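Trainee: If you want the building blocks of each chain, they are given just below.
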Amino acid sequence: MAKKDAPPRWDRKMQQRLARGEAAALGELYDRFASLVHGLAHRVLGDERAADGITREVFAHVWQHPDAYDPKQGPLRTWVAGLTHRLAVQRLRATETAALAQGGGGSTEELERKVRHASVAARADYIVTSMPAPLRAALELAYFQRRDYRQTAADLGVTEDEARRRLRLGLQLLSTAHDAGAPGAPPGYGGAA
Amino acid sequence: MNEPNRFEAYDEHGGQDDWEGREKDEDRGAGKGHEETEGHGPHDTTPPGPGNGDGQGGSDGGAPGPAQNPDQPPRIPLPRASVEDTGQPLPPLEELPKPAPLVLEHPVLKSLLGAWALAACSPEETAAVEDHLGACGTCADEALRLREAVGLLHPPESLDLDPGLRTRVLEGCLDRRPPRIPVPEWAAPYDAETARLDALLRDMGDAEWHAPVRLRWFEADAATSRRTTVAGVIAHLLTVDGLVALALGLDDPLGEVTAQAPTPAARTEAYWRGSHFPPTRSVRAPWREQSHDLVRTVSFTGGGAGKLSVSYGDFELPLHDAMLDRAFECWVHAEDIAEAVDYPYEPPSPRHLNRMIDLAARMLPTAVAVRRQHGLASPVHGRHLVTAGEPGRTLRLEIEGLGGGEWLIPLDSPAAVGSAEHEVAHVALDGVEFCQVAAGHVSPEEAAAGQVGDREAIRDVLFAAASLSRM
Numbered sequence: 001m002a003k004k005d006a007p008p009r010w011d012r013k014m015q016q017r018l019a020r021g022e023a024a025a026l027g028e029l030y031d032r033f034a035s036l037v038h039g040l041a042h043r044v045l046g047d048e049r050a051a052d053g054i055t056r057e058v059f060a061h062v063w064q065h066p067d068a069y070d071p072k073q074g075p076l077r078t079w080v081a082g083l084t085h086r087l088a089v090q091r092l093r094a095t096e097t098a099a100l101a102q103g104g105g106g107s108t109e110e111l112e113r114k115v116r117h118a119s120v121a122a123r124a125d126y127i128v129t130s131m132p133a134p135l136r137a138a139l140e141l142a143y144f145q146r147r148d149y150r151q152t153a154a155d156l157g158v159t160e161d162e163a164r165r166r167l168r169l170g171l172q173l174l175s176t177a178h179d180a181g182a183p184g185a186p187p188g189y190g191g192a193a
Numbered sequence: 001m002n003e004p005n006r007f008e009a010y011d012e013h014g015g016q017d018d019w020e021g022r023e024k025d026e027d028r029g030a031g032k033g034h035e036e037t038e039g040h041g042p043h044d045t046t047p048p049g050p051g052n053g054d055g056q057g058g059s060d061g062g063a064p065g066p067a068q069n070p071d072q073p074p075r076i077p078l079p080r081a082s083v084e085d086t087g088q089p090l091p092p093l094e095e096l097p098k099p100a101p102l103v104l105e106h107p108v109l110k111s112l113l114g115a116w117a118l119a120a121c122s123p124e125e126t127a128a129v130e131d132h133l134g135a136c137g138t139c140a141d142e143a144l145r146l147r148e149a150v151g152l153l154h155p156p157e158s159l160d161l162d163p164g165l166r167t168r169v170l171e172g173c174l175d176r177r178p179p180r181i182p183v184p185e186w187a188a189p190y191d192a193e194t195a196r197l198d199a200l201l202r203d204m205g206d207a208e209w210h211a212p213v214r215l216r217w218f219e220a221d222a223a224t225s226r227r228t229t230v231a232g233v234i235a236h237l238l239t240v241d242g243l244v245a246l247a248l249g250l251d252d253p254l255g256e257v258t259a260q261a262p263t264p265a266a267r268t269e270a271y272w273r274g275s276h277f278p279p280t281r282s283v284r285a286p287w288r289e290q291s292h293d294l295v296r297t298v299s300f301t302g303g304g305a306g307k308l309s310v311s312y313g314d315f316e317l318p319l320h321d322a323m324l325d326r327a328f329e330c331w332v333h334a335e336d337i338a339e340a341v342d343y344p345y346e347p348p349s350p351r352h353l354n355r356m357i358d359l360a361a362r363m364l365p366t367a368v369a370v371r372r373q374h375g376l377a378s379p380v381h382g383r384h385l386v387t388a389g390e391p392g393r394t395l396r397l398e399i400e401g402l403g404g405g406e407w408l409i410p411l412d413s414p415a416a417v418g419s420a421e422h423e424v425a426h427v428a429l430d431g432v433e434f435c436q437v438a439a440g441h442v443s444p445e446e447a448a449a450g451q452v453g454d455r456e457a458i459r460d461v462l463f464a465a466a467s468l469s470r471m
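Just so you know, the protein sequences line up as chains A and B, in that order. All the letters of the first sequence, read from the start, carry residue numbers 1 to 193 under our numbering. All the letters of the second sequence, read from the start, carry residue numbers 1 to 471 under our numbering.
Hints listed in this document are in silico derivations from the structure and should not be mistaken for laboratory results. The reader is advised that the hints may include incorrect statements.
[To be verified] Derived SDA-like pairs: lysine to any residue, alpha-carbon spacing no greater than 20 Å straight-line:
id: 1; chain 1: A; residue 1: Lys13; chain 2: B; residue 2: Phe300
id: 2; chain 1: A; residue 1: Lys13; chain 2: B; residue 2: Thr297
id: 3; chain 1: A; residue 1: Lys114; chain 2: A; residue 2: Arg93
id: 4; chain 1: A; residue 1: Lys114; chain 2: B; residue 2: Gly151
id: 5; chain 1: A; residue 1: Lys13; chain 2: B; residue 2: Pro286
id: 6; chain 1: A; residue 1: Lys13; chain 2: B; residue 2: Pro179
If you're wondering where the values come from, they're calculated on a predicted model, not measured in any experiment.
Sequences and hints are given; from them, build the entire structure.
Mentor: Next comes the structure, spelled out in structure tokens:
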């Protein structure tokens with residue numbers, strides 16, 4: 001897995017280079033964030049082409065408005081994730097509303113439930129990829145590899161206390177995906193654009 | 001493009017863990033279902049079988065009265081069928097002598113909540129926690145919250161981004177806001193190919209980095225090869241791209257290591273020897289950083305740097321051509337890697353492929369002359385030299401497929417001009433096939449080429465193409 005925690009210096013320099021109109025910087029931005037952006041959009045929309053469309057919109061937005069990002073507000077990665085989330089949820093709501101208007105079955109409540117569900121799922125994905133690596137590793141062992149916490153502790157070379165702590169803390173972080181039900185203001189993303 | 005295959009390949013090779021995860025996941029699902037059934041007691045389930053077929057007629061449609069969700073139990077419970085009558089296994093005997101319940105303190109129980117939610121505790125601990133949840137409100141709240149959080153864990157989707165998406169996204173951006181500092185057109189193939197290779201590397205497992213790779217090229221008209229690993233190939237690209245970095249005044253990736261000669265092969269061997277351990281996946285970051293730096297630097301200096309040339313030790317290439325050459329090498333070695341780990345890999349975009357073929361075609365006259373000096377190519381017929389700038393005997397190289405075209409290759413001297421009137425031979429082959437020959441991966445004798453005219457001239461040119469290859 002690539003290094004996730006780029007120093008804030010990288011974020012600031014990237015913003016300056018984008019503002020300067022450096023096409024090479026745009027390429028680097030894409031290389032760093034495309035899979036994050038596409039993955040989140042895909043989780044919300046469940047469709048490859050729609051996710052491609054959101055990816056295009058997100059990078060166009062950053063390229064056209066590099067100043068919209070304020071390094072003081074947090075990492076660029078978080079900001080990009082928030083922007084993606086907002087645009088993807090917007091798109092989902094628009095397509096679902098259109099389907100509803102055309103007489104496709106369902107109710108407004110179902111629509112809202114669907115949007116909320118997609119939104120929480122995407123936020124959860126983001127939280128998992130952004131949480132400290134030791135917590136993620138513990139969750140991966142316990143959940144995907146079906147190791148109990150003692151085996152998890154042994155695999156990670158930590159005490160059983162520490163394994164329990166990591167599992168609990170990881171899930172606590174993950175559970176915040178349910179918070180801030182209103183899309184656009186997820187805690188992890190900060191105030192995006 | 002065969003995207004579906006690509007996904008399969010990822011599942012097979014990259015996703016061993018995923019598979020296990022998924023299977024285990026199913027186990028888990030089954031396990032949960034079991035628990036729940038047990039929780040309600042097997043007597044509450046309505047067994048399918050004689051005795052309740054008529055009672056549930058409502059779900060067959062056309063039932064009068066309020067719609068009944070077939071999933072929910074009927075409001076008036078049906079008479080219970082005896083388990084013995086259904087032929088289903090009898091419920092297990094409850095209340096076998098249980099081990100003494102575990103007594104744990106509140107802080108310990110609290111600390112177990114995460115593990116409990118993930119079903120990662122011992123049965124005794126699970127029982128102790130569940131016992132505690134009935135009595136402790138705060139723990140019960142947290143337990144519920146954490147259990148819900150477990151439901152949010154998904155196996156990571158191994159989303160394989162369409163490599164073409166990068167070009168489309170970037171072009172869309174640049175249309176909307178033209179760049180003040182563009183990536184030069186001749187650096188675009190390098191930018192695209194390094195990004196494609198990086199995407200291939202991104203999802204590779206640790207073991208795949210050590211998969212054996214055989215680098216192949218032609219030397220003195222004979223196929224040659226050298227064994228290395230996937231990581232070794234990236235180290236090779238890093239050190240040879242370093243020649244361009246050096247020409248641009250950037251740091252030499254060789255660092256303290258000194259190569260016996262400033263050639264691609266010597267530099268690579270020196271780098272391989274210089275590290276105490278065989279290269280690992282950690283070589284990816286410096287390679288990628290350098291490739292980004294190269295694209296960035298040529299964007300700034302590229303415009304006026306037409307005179308800048310890159311030394312390969314034995315020869316030099318203008319910066320523009322060196323960047324094309326590096327793009328070509330990046331693709332060729334990405335193919336080597338993809339083959340080694342059994343991933344599919346596509347050729348470059350037609351536009352970029354065309355530039356790479358053009359570079360090879362432009363290098364052919366010199367390559368023919370060098371082979372002639374070594375007595376490998378047929379001697380010049382009739383006269384000794386063609387005056388510079390004069391038309392001479394010419395081979396028409398016709399490249400088919402996307403990115404193809406026609407090139408007139410002067411045969412007698414690099415200084416001569418190719419001319420349709422002096423055409424003595426005509427070779428037609430597919431663009432990718434031609435690149436395979438130029439990369440030394442397909443022998444000139446085995447290349448699927450349509451040939452008309454002077455057989456010797458054709459042989460000279462195809463062997464000259466193969467001689468362009470190097471480690």
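Trainee: Each hint should be assessed against the structure and marked as holding or not.
Mentor: Outcome of the hint check:
1. A C-alpha spacing of about 16 Å is found between Lys13(A) and Phe300(B), which places the hinted pair at or below 20 Å, so the restraint holds.
2. With a C-alpha separation of about 15 Å, the suggested pair Lys13(A) and Thr297(B) falls inside the 20 Å cut-off, and the hint holds.
3. Of the pairs offered as hints, the one joining Lys114(A) and Arg93(A) holds, with about 9 Å between alpha carbons and a cut-off of 20 Å not exceeded.
4. For the hint linking Lys114(A) to Gly151(B), the alpha-carbon distance of about 16 Å falls within 20 Å, and the restraint holds.
5. Among the hinted pairs, Lys13(A) with Pro286(B) is consistent with the structure: their alpha-carbon atoms are about 19 Å apart, no more than 20 Å.
6. At roughly 17 Å between alpha-carbon atoms, Lys13(A) and Pro179(B) fall within 20 Å of each other, so this suggested pair holds.
Taken one by one, the earlier hints all hold for this structure without exception.
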